[in-house]
Structures are given as structure tokens and as C-alpha cells.
Amino acid sequence: MRHLRWWHAGSVFLICLLCMESMAFASGKWTDMIDFSGYIQSDIRYIIEDWRGAKKGDGYEFQKNQNDVVLRLEIFPHDNVQAVIEADLRFYGFNRADSLYNVSDRGTSDPFNLQLDEAYIHVRELFWEWLDLRAGRMVVNWGTVDQFNPTDNISARDFSDPINFSAKVPNQMIELTAYPTDWLTLSLIWVPTFRPAQLPDSAPLGFADFGFDKNGCFATAPAPPLTQKNMDDLYKLFESAGDPCNLNFVEPGMPIVTPDFSMKNSQFGAKAQFLINDFEFSFSYYYGRFSFPVALTAAALIENSQVDPAVLDIKYIVELYYPRMQVAGFDFSYSAEWLFDIGIVGEIAVIFPEQVDFGLKAYWSGAEVANMGNNNVPSTPFPKATVGIDYTFTSWLYMNVMYVRGFFDEFNDIYGVHNYMVMAAELKFFEDELKVRTAAALNVDDTSANINGTVTWIIYPSVEVIADVLWFVGNTEAKDPKDYASKSKFGMRAVGRNVVSLKGKFSW
Amino acid sequence: MKRIFSLMALVILVMMLNSCGWKIDGMDRLDEVYPPAVDGDCEGDCGVDPDGDTDVTEIELEDVEGDTLAGVWAMKMSLNGTMSPIGVPWKINLTNLFIVNIDEDESQMSLTFCDQITKIDGSGGLGETEIPAALQTTMEDYPIEIALPGDQSVSATTVAWTWGINLEDPQNDDISAVTVDDERIFDQDKDGNPGVTMTVKAPGGQRYMVRRAVWNLSEGTLSDDKQLLEGTLQFQVDEIAVGATSDMLMTVAPITSDTEGNTYALRRIAGIELEDGDVDGDEEDETLVDGDDDTEVAEDAEEGESKSVRFKDGSAITCDQLKAQYQQLFTK
Chain A
314 MRHLRWWHAG
324 SVFLICLLCM
334 ESMAFASGKW
344 TDMIDFSGYI
354 QSDIRYIIED
364 WRGAKKGDGY
374 EFQKNQNDVV
384 LRLEIFPHDN
394 VQAVIEADLR
404 FYGFNRADSL
414 YNVSDRGTSD
424 PFNLQLDEAY
434 IHVRELFWEW
444 LDLRAGRMVV
454 NWGTVDQFNP
464 TDNISARDFS
474 DPINFSAKVP
484 NQMIELTAYP
494 TDWLTLSLIW
504 VPTFRPAQLP
514 DSAPLGFADF
524 GFDKNGCFAT
534 APAPPLTQKN
544 MDDLYKLFES
554 AGDPCNLNFV
564 EPGMPIVTPD
574 FSMKNSQFGA
584 KAQFLINDFE
594 FSFSYYYGRF
604 SFPVALTAAA
614 LIENSQVDPA
624 VLDIKYIVEL
634 YYPRMQVAGF
644 DFSYSAEWLF
654 DIGIVGEIAV
664 IFPEQVDFGL
674 KAYWSGAEVA
684 NMGNNNVPST
694 PFPKATVGID
704 YTFTSWLYMN
714 VMYVRGFFDE
724 FNDIYGVHNY
734 MVMAAELKFF
744 EDELKVRTAA
754 ALNVDDTSAN
764 INGTVTWIIY
774 PSVEVIADVL
784 WFVGNTEAKD
794 PKDYASKSKF
804 GMRAVGRNVV
814 SLKGKFSW
Chain B
7 MKRIFSLMAL
17 VILVMMLNSC
27 GWKIDGMDRL
37 DEVYPPAVDG
47 DCEGDCGVDP
57 DGDTDVTEIE
67 LEDVEGDTLA
77 GVWAMKMSLN
87 GTMSPIGVPW
97 KINLTNLFIV
107 NIDEDESQMS
117 LTFCDQITKI
127 DGSGGLGETE
137 IPAALQTTME
147 DYPIEIALPG
157 DQSVSATTVA
167 WTWGINLEDP
177 QNDDISAVTV
187 DDERIFDQDK
197 DGNPGVTMTV
207 KAPGGQRYMV
217 RRAVWNLSEG
227 TLSDDKQLLE
237 GTLQFQVDEI
247 AVGATSDMLM
257 TVAPITSDTE
267 GNTYALRRIA
277 GIELEDGDVD
287 GDEEDETLVD
297 GDDDTEVAED
307 AEEGESKSVR
317 FKDGSAITCD
327 QLKAQYQQLF
337 TK
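If you're matching them up, the sequences are chains A and B in order.
One gets the working numbering by counting positions in the first sequence from 1 and adding 313 to each.
One gets the working numbering by counting positions in the second sequence from 1 and adding 6 to each.
Simulated from the structure, these hints should not be mistaken for lab results.
Beta carbons: idealized from backbone N, C-alpha and C, even for Gly.
Be aware that a few hints might be false.
List of simulated lysine to aspartate or glutamate pairs, DMTMM-like, C-alpha gap at most 25 Å [to be verified]:
(1) B:K97 / A:E681
(2) A:K542 / B:D34
(3) B:K29 / A:D573
Taking beta-carbon pairs under 10 Å as the criterion, some of the chain A residues facing chain B (in silico) [as the list claims (entries may be wrong)]:
(4) A410
(5) K577
(6) N617
(7) Y634
(8) Q668
(9) S692
(10) P696
Negatives, chain B to chain A, calculated, CB over 12 Å [what the hints assert, rightly or not]:
(11) M22
(12) S25
(13) E134
(14) E174
(15) L228
(16) D231
(17) L255
(18) T257
(19) A259
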């Protein structure tokens, strides 16, 4: 199947090249009609702790040995037409052949995939000179602040690589942009189907992180979004099952209630962007879904073990859901020339969420033995906001500081909407050949933090060596294991591992 | 430009109207994914058939007349309370069934245990128990003796009923700290395990236990037709697990008695002269108790005459018959 996808994508790419070739012959200036760029990157990543994994002691091993070949082709067959294709051929670098039967399979022993990040057509001056159209697979960015954009909901985030948290998930869409005056830009976007955010492979620990004592016996259950009394009842249920060492928690299930492909699950966005001197601002509206899942149900299926009657097998199944929402947004950016040229940016989004009522049931040999429910997401509108300043002190020092109300994945569920301070500083040396960047996000409410340091050395033009470190500060265990809201934002193991990374990159 | 703004405003308005009342309920979703069992879905052994439809030979009887209480009675004791094994209070109903013999001079009634039916609301079957045949059989050898005043009444009295343990003062001895090593415990059902063995339906397994029930019986009221004797009671049940086939069955949740609604009822089954074979086999004279109607006096019964039950197969009432038909017997 993977081979088929590869061949399919490869064929598309080849056809594009051939088309380009034929156009070139037609016009005789084919080199003016294309822009071919890309990069090759190797990323070796190592886990530098052993306490944040699914099991204590997992760690001190390679996390990535990844090679990417990213090819970007832009074709301009006409002054008003542009076609863009960007594909990433990714080799994971870890042998997955665990049997003599599949060592001969290159796809298993050297797994890879092809990702089509962009494939769209941009038509300028469609019918009128003030109207543009973009259609196809692409990514849209809204908002004015750096990364923490509460008004930016069209394209979901791609957090599959926590170091590269600016990545986004491409999706098929149609965008109409109108420029009725030089100070106003209007955008309408329709996204036929929903695509959620991609999450790191540690994400399941956010919903089904069972704790075990040093003897491997059950100690704590994952806290669902329930009241304290419900949680007390839930623990009594486990206690009633007898010796914690006789509770065998099998691999938890985490199905997702996926929206169907009907029209009502389409996403829609509208934006009016104004530019008045140095002040740029916009009003926006989004109709769609929150791209991060929230807990909808949990079921504990309890059965006597077939192997040992004294043991209970417990299967915990958490069902997740992408709630619907509407977002009314406002963002601005202003460069204050009269105040040392400081850049001031801000965004506020008022989110009108779908109400989500969480339900939990326990079934013992198929019979329902406990049920409890709680409102997880109220229908009350709530704000998320970011405001910040950035300043270039000298040619070699840049800083920005932001206050963030509501992290990417926060949706006013039982966990709530938290407050963050985000800071970044970038230093450049040797005529920008060496760059040192540090960034940190601090959860003001629980004092957990995420720290990222990057050193980039441009050895030759287009050749870079990049060293990264990503470190999470905070308690891996919740303050109160029965309280869903007491987990540490960056301390919990679901956010990922502490790693160092070494990358080599060649761009053209 | 106005037209463009108007168009955008209209689209947004339509979207907003479409979003009114957005809500998703996890409980509904669970019912969709794991449909709840409905009446009639019961698989396997689901306890006593509420309709009394079993393979056991039906008791066919007519009203039994008698001037005294002496004779054979069916007894149903209904005990209601709550238990909270997982923190959530569940309503529990215990139905004790006995065959009762009252001697000729009405000085004593002897209760022979037939069955105990447990129903727990809301537990989905968790914690429900079943009396194994061995326990039922052995309990026949340990009838409960209750003294009567001898004046055609059942006076208020306190009765202690123990399983698997010998107590000097059955009503008052503390058994809360009993362990399997306690010398007072004995293998009453002779199955090699301490105390008595109770079958727990869910989680499935066997619990070895001792038990004491103390009943404070009110004075009984005899119906005008002298067929039914009814009263109320308060009860206390102490159960201690002294072993089990799995650890999880060692937890015994205490039952808190309801202050009202606990009743006992005795239905006259046979007169004193009933003995094996002392049966009127004339089926034409039989009047069936159909459960839907008041019991009828047999046509051949003469006023003041003590009559025996006429069983179809000529045998005396058995526990199986009582279990199968107790609901009909106690339907007024």
C-alpha cells in the first residue's frame, strides 16, 4: 500500500515535470516559469532522560533517525497563475523488520512515507482584478502574533514533532481573497472536510496514564474529567475489586468520534483585514471544530481473567471527540516608531463551543455496575488571547515576550484555560553565521515550563548544522491523581520527552 | 463593497443560527456503543423466573381451612436495604423462602430454609449471590425454631439465624473480627471449605463465609380466612468472608436495613394431618391457585374442617416448588 502511495505521488510529480517541460517548449522560456527549491535534512534525536516515557526506565535511546527530502516546485504558466507542489519524502531510519519473514521487505526494514504538504493553484485577478482564488491542498495562517494564534483555526497544528511546533496540517480548501481597496483585504475560506491536529506519540498518556507502584501493582487510574466525588466512587470500584496486584490493565483503547464527511462538518472562515498606516488589524470568524480532542466517554470493561481467575482484566476505553465551535476573532499588529520601534501584537478569540457532557460507565462481565457523568465543556463562550511585544535591540539581538491566555490544546474543559508567559531571544554572531535562539513557555498557574534551545551554524551558504535541546520542567504526576485539573501542563508525560537533536540541512 | 460585506454577514449569520443548541452527551454515546440490556435479554442463569415458569411440577392447591395455626405454611420474608460496595448506594432486596411447620399445640414453628434470592438495583448484577444446592440441602438440617404463644398468634420476637458459625449468644456475640482460624466456624455445608459456600454471580466465584441475620419480627396478623399470616420486621445482617476463590470476593459490603417495607408472610399450604400419601387425588375437586385471582375455597371443604392440600403428584411441597411458585402463592 505504501509503495502504491509512493508510486502515485511520484507519478504526479513526474507528470508535473513533463507538463512543465511541454510548457517550456511552448514558450521557449521554461526556466522563467518554474522555481524549484527544497532541502535535505537529517535529524538524529536522542532521549536524555528515563522518567517521562510510558514506563519508568524507558529512555536514553535514539528517538529519531530521520531523513527528509523536501521538494518544492512552483510553476508560473501565466502571470496570474501559480501552481505549487511541496512534497516531503521521509525515511524514518529505524528497522521495523522483527521477523525473518519481512527482512526482505525494504518498506519494513527501511520505513518511509511520502507527504504532500502543498498542492494548490493560485489564480490572481479571477474575473475582476481585485479577486484572487486559491484552491487545493494548502495551509492557511491567520493572526499576527508569533505562533500562539487563537484566531488561527483553519489549518490544524502538527505537533507530531514537538521541536518543530510551528508545523501545520495541510488540508484541501478553497480560498477567495478580495482586495476592494488598498487598505482592506477580505477572505472567504471553505474547507470541505475536517482534519484534526497531529499529536506527539506520547499524547495517549494524557488520557490513559495508569500509575503502578514499584511492584508493578495498580496505584493510580487516569483522572477523567469528573467531580471529586465521582472519582472517590471510581476508586472505590477499583478497591472493591480486591488486591491491586490482581488488576491487569490491558492496553487502553482510545477511539475517536470522527466527524462524517457531510456538509455540516465543513469548515468555513471569513476575515476582514485592515491596514491603516502602521496599524494592521482584522476581524475574523470561523465555523468548524476544535482540532484537539476532548474526552467524551470512558468505559471500564472488567472481566475475570481466562488465565487466572484471581486476576481481573480491565480494559479502559476513552473515547475522544472534536467539539464543534465558532470563533469570533480580532487581531492587530502595530509598529511603534515613536517608542523605539517596538512591535506590539495581539489577538483575542471568543470561542462559542459545543457543550460536551462526559460520561463514564463500568461494566463487569458485561453488566453495567457504575455510571457517572459530568459537564466537561460548558456551552458558555470563553476567550483565548495573546498579547506581546518584540524588539530588535541590535543587529545581533532580538527578543519577544508574550502573555498567552489559553494554550493550543485548551478548550475550557475541566482542565480550564491557563495563563502563560512565552519568551524568545535570538542572538546572531559572525555575520549571522552562528545563531543562538532560546525560547521558553511558562505556565503561570502551575509553574511548569517548556524550554527550547537552538544553535544554528551556517557552515557554508545553504549548509547548516542545527543543535536543539528540548526540556520539560514540571511534575510528571498530577498533584491530586483524582483531579483532572491538577495535572502539570508541561510536566505531564503526554507532552513528550526531553531530547537533544542534531540536524544537518542542505537547502537550495 | 457593501454587497461583499452583506454577503459575508449573511453567511456568518446562517452559520451562527445553525450552531444553536450544540451539545453532545457522553452517556447517550455510551448507551449507543454499549447498549444497555433490556428485559428479556437475560442470558444463562438469571435467577427465579418472575412468572414462575419452570420445569418443576406445579403445586395445585385449594384453600386449606383450619381452626388453628397448626400445619404447613410457605413463608416469604422480604428484606430491603442499601449497600455501597463501590461507593454508590444500591438498593438490595433479599427474599428468604422457608417451609414452615407449626406443631399441633401451636407452641413452636419450625422454619426450613429453601432459598434466598438477591436482587440489587443499579449494580447490573454485581454482588448478586446464589445459594448453591449443597447449602440449601444442608440448611434443611438446621431449622429455625421460634416459640409461639399457643393462642393462634405469632407474637413479636427476636430471632438470630447463623450460617457456618456456632455462637454462645447468637443475637449479641460480636463476629466482626472473625477470621478463618476462629474455632467457632464450622463447615456447615460439608464441602471442605470453612463456613458456608455462597456463589457470587458477578464477579463470578465462590465466597466462604459466616453469616448472622437478626430479625425483630412484629406480631403477625392472621387474615380473616386464616390463609395468610403477615407481619413486619427489622433486620440486621452481618457477613464475614473467611475465604474466596479470588481476592475480590473477600470484600463484603454491609447491608443497611430500610426502616420500613420489610415484611414477612406465611401462606397456609396444608393442614396438620398432612402426611405423605394423605392426599386427595380427586383432581375434579381441585381448585387451582392461578395467581391472578383470590384463592378459592374448595367446593368440598366444609366450614371449620381442616383440610390438606391435594398435590397433583401426591407428594408434599418441596423447596423447588416453593421457589418456582412463591410469587403466585403470595399474590393476594
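Handout entry: In rising order, the numbers of the hints this structure does not comply with
Key = 4, 10, 11, 12, 13, 17, 18, 19
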